[in-house]
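Chain A is already provided as a structure; the job is to place chain B on it using the hints.
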Amino acid sequence: MARTLINLPRSARRGEVIEIRTLIAHPMETGYRPDASGAVVPRDIIRRFACTYDGEEVFRAEFFPAIAANPFLAFTTIATASGTLTFTWEGDNGFVQTETASITVT
Amino acid sequence: MTRRRRAMLVAMLVLSLGGAEAVGPGERRSGFDDMAPETRAMQLDDMANPGMLWVAEGEAAWRRPAGPAGRSCAGCHGEAEASMRGIATRHPGWDQAAARPISLEDRINLCRRERQGGEPFAPESDDLLALSAYVAHQSRGMPIALPDDPRLTPFREQGRHIFEQRRGQLNLSCAQCHEEHAGRRLAGSVIPQGHPTGYPIYRLEWQSLGSLRRRLRNCTVGVRSEPLDEQEAVALELFLMFRANGMPMESPAIRP
Chain A
1 MARTLINLPR SARRGEVIEI RTLIAHPMET GYRPDASGAV VPRDIIRRFA CTYDGEEVFR
61 AEFFPAIAAN PFLAFTTIAT ASGTLTFTWE GDNGFVQTET ASITVT
Chain B
1001 MTRRRRAMLV AMLVLSLGGA EAVGPGERRS GFDDMAPETR AMQLDDMANP GMLWVAEGEA
1061 AWRRPAGPAG RSCAGCHGEA EASMRGIATR HPGWDQAAAR PISLEDRINL CRRERQGGEP
1121 FAPESDDLLA LSAYVAHQSR GMPIALPDDP RLTPFREQGR HIFEQRRGQL NLSCAQCHEE
1181 HAGRRLAGSV IPQGHPTGYP IYRLEWQSLG SLRRRLRNCT VGVRSEPLDE QEAVALELFL
1241 MFRANGMPME SPAIRP
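Protein sequence lines correspond, in order, to chains A and B. Numbered by our numbering, the letters in the first sequence go through residues 1 to 106 in order. Numbered by our numbering, the letters in the second sequence go through residues 1001 to 1256 in order.
Errors might be hidden in some of the hints.
[Stated by the list, open to error] Pulled from the structure, derived: some chain A residues nowhere near chain B, Cβ distances all over 10 Å:
id	residue
1	4
2	7
3	16
4	48
5	53
6	57
7	92
[Unchecked claim] Here are the in silico distance ranges between beta carbons for each label pair:
id	chain 1	residue 1	chain 2	residue 2	range
8	A	41	B	1217	19 to 27 Å
9	B	1065	A	38	26 to 34 Å
10	A	1	B	1045	19 to 27 Å
11	A	54	B	1245	49 to 57 Å
12	B	1068	A	93	29 to 37 Å
[Unchecked claim] Example chain A residues on the side facing chain B (calculated, C-beta under 10 Å, incomplete):
id	residue
13	2
14	3
15	5
16	15
17	17
18	21
19	23
20	24
21	25
22	28
23	88
Think of the hints as simulated: they come from the structure by calculation, not from any bench. For every residue, glycine included, the Cβ atom is placed at its ideal position computed from N, Cα and C.
Just chain A, same shape as in the assembly:
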């Protein structure tokens, strides 16, 4: 399990634009770098990130080898109802990580 840091407001007013920021520990190995013996290090990157808000997808991102290690994402959505946000990172070598966070909307 990779370590993640997720930041979003605990509560918001209905209709308010909220900012969500995520950080995940991942080497994002490009697949182009040689190791000490000269052999190419196989690619190991996150390919896809998605955020769902009560089951509805509100943000999605595709990742490529040029993205730095430990990728940081900041995006916004509109607070519609109290509920759960689910964050999923998927990548090479069967990497899948899911985290959840809840928000109270008044």
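Just chain B, lined up with the frame of chain A:
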């Protein structure tokens, strides 16, 4: 003009003069002050600072029992917020058994071997960096406070000697870049004064967290020099920390 008013004017003048002095050429600057605004913002925001991933991991490791003794760091030291506060400001610190100063990473490994009975962590491993980042983080904002311990003096002087000695194929000493030419540019980068205020640092070039030892190794490679041995490295670290005495800790800092 009343006397009181005149006294106030004098006081203001003195204050403004004092202010002007504080930005003189002899000022010590952290590498933080010369970074791009975006990189500084990254360091100051705990949600954007990737070093905090290691701190969070270190916090979990602090409470996790380890070794055959099944004892966690917290089992002896309690809450790190209290017991580890200021510890990083006094390292490298004296170790009685080894009769020499040791780095914070060595101290963690010593505890792991002797108190927990476990295998020491490999240098620069994520496990070791997580714990050292978590411990150093407890000193963030505190001034570096290396004690004026007479036992440390010979090692500090050895460190000063290494700092001032020309080394490697480029025949450069640390002092030539980081004192004489500090603030000037080496290609596009500002040469920092080399104060170790934020270790372990997340260096963007490394795409990872790394210790002061790793940073020094980079510098020796840079001047095409033989690497420092264990004792020379800790002596140089000791001198650098002593030279930065009083500067606030930033761990985990970001550097370009």
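Results for each hint:
1. 4: Residue 4 of chain A not clear of chain B: closest Cβ-Cβ about 8 Å, inside 10 Å.
2. 7: violated (4 Å)
3. 16: holds (19 Å)
4. 48: holds (20 Å)
5. 53: holds (19 Å)
6. 57: Its Cβ never comes within 10 Å of chain B, the nearest being 23 Å, so this holds.
7. 92: holds (17 Å)
8. A/41 with B/1217: 19 to 27 Å: With a Cβ separation near 21 Å, residue 41 of chain A and residue 1217 of chain B satisfy 19 to 27 Å, so the hint holds.
9. B/1065 with A/38: 26 to 34 Å: Violated, at about 42 Å.
10. A/1 with B/1045: 19 to 27 Å: At 24 Å between Cβs, range holds.
11. A/54 with B/1245: 49 to 57 Å: holds (54 Å)
12. B/1068 with A/93: 29 to 37 Å: holds (33 Å)
13. 2: holds (9 Å)
14. 3: Hint holds; residue 3 of chain A Cβ to chain B Cβ min 5 Å, cut 10 Å.
15. 5: holds (6 Å)
16. 15: violated (24 Å)
17. 17: For residue 17 of chain A, the interface hint is violated, since the closest Cβ of chain B sits about 18 Å away, which is over 10 Å.
18. 21: This hint holds: residue 21 of chain A lies near chain B, its Cβ roughly 5 Å from the closest one there, short of 10 Å.
19. 23: holds (6 Å)
20. 24: Holds - the Cβ of residue 24 of chain A comes within 10 Å of chain B, reaching about 8 Å at its closest.
21. 25: holds (5 Å)
22. 28: holds (8 Å)
23. 88: violated (18 Å)
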